[in-house]
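A.B. asks: Between the sequences and the hints, there should be enough to build the whole structure, so can you do that?
The chain contents come next:
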Amino acid sequence: MKAKGGLLLAALGVLALPLSAVADAPSPTVLANTCFSCHGTDGKSAGAMPSLAGKSASEIAQRLREFRADERENTVMGRIAKGFSDAEIEALAAQLGSK
Amino acid sequence: MKKIDRRTFTKLAGAAGVAFSLPAGAGVALGKSPRVVVIGGGFGGATAAKYLRRFDAGIDVTLIEPSKAFVTCPFSNTVIGGLNTMARITHSYDGLRAHGVTIVHDRATGIDAAKKSVSLANGGDVGYDRLIVSPGIGFRWGAIEGYDAATSQTMAHAWQAGPQTVLLQQQLAAMPDGGVFIISPPVNPFRCPPGPGERISLVANYFKQHKPRAKILVLDPKEKFSKQGLFKEGWAALYGDMIEYRNASNDGTVVRVDAANMTLHTDFEQHKGDVINFIPPQQAGEIAQLAGLANDSGWCPVDQQTFESSMHPNIHVIGDASIASPMPKSGFSASNQAKAVAAAVANLLKGEAPGTPKFVNTCYSLVAPDYGISVAMVYDFADGKIVKVKGSGGLSPSGASAEFHKKEANFARGWYDSIAQDIWG
Numbered sequence: 001m002k003a004k005g006g007l008l009l010a011a012l013g014v015l016a017l018p019l020s021a022v023a024d025a026p027s028p029t030v031l032a033n034t035c036f037s038c039h040g041t042d043g044k045s046a047g048a049m050p051s052l053a054g055k056s057a058s059e060i061a062q063r064l065r066e067f068r069a070d071e072r073e074n075t076v077m078g079r080i081a082k083g084f085s086d087a088e089i090e091a092l093a094a095q096l097g098s099k
Numbered sequence: 100m101k102k103i104d105r106r107t108f109t110k111l112a113g114a115a116g117v118a119f120s121l122p123a124g125a126g127v128a129l130g131k132s133p134r135v136v137v138i139g140g141g142f143g144g145a146t147a148a149k150y151l152r153r154f155d156a157g158i159d160v161t162l163i164e165p166s167k168a169f170v171t172c173p174f175s176n177t178v179i180g181g182l183n184t185m186a187r188i189t190h191s192y193d194g195l196r197a198h199g200v201t202i203v204h205d206r207a208t209g210i211d212a213a214k215k216s217v218s219l220a221n222g223g224d225v226g227y228d229r230l231i232v233s234p235g236i237g238f239r240w241g242a243i244e245g246y247d248a249a250t251s252q253t254m255a256h257a258w259q260a261g262p263q264t265v266l267l268q269q270q271l272a273a274m275p276d277g278g279v280f281i282i283s284p285p286v287n288p289f290r291c292p293p294g295p296g297e298r299i300s301l302v303a304n305y306f307k308q309h310k311p312r313a314k315i316l317v318l319d320p321k322e323k324f325s326k327q328g329l330f331k332e333g334w335a336a337l338y339g340d341m342i343e344y345r346n347a348s349n350d351g352t353v354v355r356v357d358a359a360n361m362t363l364h365t366d367f368e369q370h371k372g373d374v375i376n377f378i379p380p381q382q383a384g385e386i387a388q389l390a391g392l393a394n395d396s397g398w399c400p401v402d403q404q405t406f407e408s409s410m411h412p413n414i415h416v417i418g419d420a421s422i423a424s425p426m427p428k429s430g431f432s433a434s435n436q437a438k439a440v441a442a443a444v445a446n447l448l449k450g451e452a453p454g455t456p457k458f459v460n461t462c463y464s465l466v467a468p469d470y471g472i473s474v475a476m477v478y479d480f481a482d483g484k485i486v487k488v489k490g491s492g493g494l495s496p497s498g499a500s501a502e503f504h505k506k507e508a509n510f511a512r513g514w515y516d517s518i519a520q521d522i523w524g
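As given, the protein sequences belong to chains A and B, one line each in that order. Count the first sequence with this note's numbering and you get residues 1 to 99, in order. Count the second sequence with this note's numbering and you get residues 100 to 524, in order.
None of these hints come from the bench; they were simulated from the model. Hints are not guaranteed to be accurate.
[Said to hold, decoys possible] The list that follows gives simulated cross-link-like pairs (lysine-lysine, DSS-like), each with its CA atoms no further than 30 Å apart:
#1 A:K82 - B:K484
#2 A:K44 - B:K506
#3 A:K55 - B:K489
#4 B:K505 - B:K310
[Claimed, not checked] Which stretches of chain A does chain B cover? Using the computed rule of at least three CB atoms under 8 Å from a CB of chain B, they are:
#5 25-33
#6 46-52
#7 83-97
Since the model is a prediction, treat every value here as computed from it, not as a measurement. Don't be surprised by glycine CBs; every beta carbon is placed ideally from N, CA and C.
C.D. replies: As structure tokens, then:
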């Protein structure tokens, strides 16, 4: 998984993080994949949902933290962001963010 | 073609002394592509097939699905309510082919867990190293007296999308103004808990525009239903007294169906409808029953980390058929489970640890074309089971503004476009 995962990330132009710092943490890929059901594969939205593709890692992480803290107006993202820890937000943002 | 159950299949295979066309090895042979077979091309199965190839393009992935195109249950209520055509909710498998998935349009009739092979209705079998089963739901025909597969041809369930969706839509279109539409949702657990509420809403929206004197009677064998507060708030605002809802305590439980007279019998009354939508009690899809993957509950017990069956090794059951509680039986859940299971299977085939899953579920419902509501939840895997992340998820706020509901309706459509692309695109 690691070698091929690395290749896949490289192919996407995404910098590979160490797969998981903590043994039990979900991998950045597994975390990021949860976003695609609304935001489209690799964050490319097919319709009215905002695309994540093209946004930087810091912008994605910042936005998620604001949603989680109810500091940014939203419909559903506040409820979803509250399900992710700081470490998970950093990991999935690094995975999704453009470089 | 005669249906082959697992026992017959095993006997046949034993008598032949060998497996049929594509023998499965005991494990992954050195230098040979690992082989994963997926049964079912819906939200769970199609996602698993695509994401297996994304995780590791060296995996040989075969998807077994009888239909040439998949019609989604999500958004089928918009077809029933006259807002969309069937084309809007029908998806071809060309996208999966482009990802290198081999599609076999056939029906799986049995699984030999010892030989690691799946038998097909048109003959032959397909071997696997790991099998992912995503069969959706089946119905407990006859569980309510008078309702079976034959009855459903005149009194639609429309809880598997396709011809049933069209049947119900056409019956509603032909119904006279002033007619009565009766809908009876099933007992828990069932596919798409907010689905009946959305169906009631979008039929009401259709009636409001085209048959304003029509009535809707809901006969529910439960005490309450998903997003009840939000739906009732929307119904009061939009549909006045068109909808009458009766729960179990108010004689809502249907005990007998008389399809010939379009009548539903409860304990104390009988209700005649011009159109009746009867949604029967459910269980895991047929192949799960045939292959011995379901337990006495009718659903499939699994290890909630990898979704590997508790009944048979090397077989993963995902989606509606699996016991993934506290996750609801939804297309979104199935697709999220499929991604985590694809990661686990790719890791396991390499002899690595499966990894820890993380899941999200969001279910949008349309109360009207410009009035959306939602429920969401985030799930961790902890102490051997799936758990809700405390403080996450929940319902749209009650008393929200029209602007909020309009946004959620737009996001409902946006969600559908994105998840369809994420799965079949």
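A.B. asks: Take the hints in turn and mark each one as holding or not.
C.D. replies: Outcome of the hint check:
1. A:K82 - B:K484: Cα-Cα ~20 Å, so holds.
2. A:K44 - B:K506: Roughly 19 Å separates the two Cα atoms, so the pair holds.
3. A:K55 - B:K489: 28 Å, holds
4. B:K505 - B:K310: Distance of about 24 Å is within 30 Å: holds.
5. 25-33: holds (count 7)
6. 46-52: Since 4 is at least three, the answer is holds.
7. 83-97: holds (count 3)
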